[in-house]
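Asker: Sequence:
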Amino acid sequence: MKQEMPKRKIDALTDDEIESCFEGSTDVSLVRDLLKKNQDPNGWIYSIDFGDDFAQAIEGFIGEEPNTKEWNEAWAVNCEWGESIADNVNDLLAKK
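Whatever position you read off the sequence shown (first residue = 1), add 136 for our numbering.
Among the hints, a few may not be true.
[As the list claims (entries may be wrong)] Okay, the calculated beta carbon distance ranges per label pair:
hint, residue 1, residue 2, range
1, E153, E200, 30 to 38 Å
2, E195, E159, 31 to 39 Å
3, E201, E153, 35 to 43 Å
4, G179, D151, 38 to 46 Å
5, E155, D176, 35 to 43 Å
6, N178, W207, 33 to 41 Å
[What the hints assert, rightly or not] Below, a list of computed lysine-lysine pairs in the DSS-like style, where the Cα atoms sit at most 30 Å apart:
hint, residue 1, residue 2
7, K143, K231
8, K143, K205
9, K143, K232
10, K205, K145
11, K173, K145
12, K232, K172
13, K143, K172
14, K173, K231
15, K145, K231
16, K173, K143
17, K172, K145
18, K145, K232
Hints listed in this document are in silico derivations from the structure and should not be mistaken for laboratory results. Where a beta carbon is used, it is the ideal one built from N, C-alpha and C, also for glycine.
From just these sequences and the hints, can you work out the full model?
Answerer: Below you can see the structure in the form of structure tokens.
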């Protein structure tokens, strides 16, 4: 269970810290904007909502035809990737 309040705020995280939360290539400013959009009232990140927004933001990079099995699989992977990023950021927010 998460602590009631995070020990850090999104704005206090450096770009390098945010970049350490994901494997692969993506835009740190995009991730930072989505993190701010998907914060709960206490400052934690809603992982599932972030994952969905992240997948939408990078949807244009899916190299498959929409509404195919391959496209849907790529979408699901991107959602999971986004959720993982959010979980990793929540871990950073929990540390001083």
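Asker: Against this structure, judge whether each hint is valid.
Answerer: Status of each hint after checking the structure:
1. E153 with E200: 30 to 38 Å: Holds - the Cβ-Cβ distance for E153 and E200, about 33 Å, lies within 30 to 38 Å.
2. E195 with E159: 31 to 39 Å: violated, 19 Å
3. E201 with E153: 35 to 43 Å: Holds, since E201 and E153 (Cβ atoms, about 37 Å apart) stay within the stated range.
4. G179 with D151: 38 to 46 Å: violated, 19 Å
5. E155 with D176: 35 to 43 Å: violated, 23 Å
6. N178 with W207: 33 to 41 Å: holds, 36 Å
7. K143 with K231: holds, 6 Å
8. K143 with K205: violated, 42 Å
9. K143 with K232: The hint holds at about 6 Å.
10. K205 with K145: violated, 39 Å
11. K173 with K145: holds, 13 Å
12. K232 with K172: Judged against 30 Å, a Cα distance of about 19 Å means the pair holds.
13. K143 with K172: holds, 16 Å
14. K173 with K231: Holds. K173 to K231 sits at ~21 Å (cutoff 30 Å).
15. K145 with K231: holds, 10 Å
16. K173 with K143: holds, 19 Å
17. K172 with K145: holds, 10 Å
18. K145 with K232: Since the Cα atoms of K145 and K232 sit roughly 10 Å apart, the hinted pair holds (cutoff 30 Å).
Checked against the numbered hints above, the structure breaks hints 2, 4, 5, 8 and 10 and satisfies the rest.
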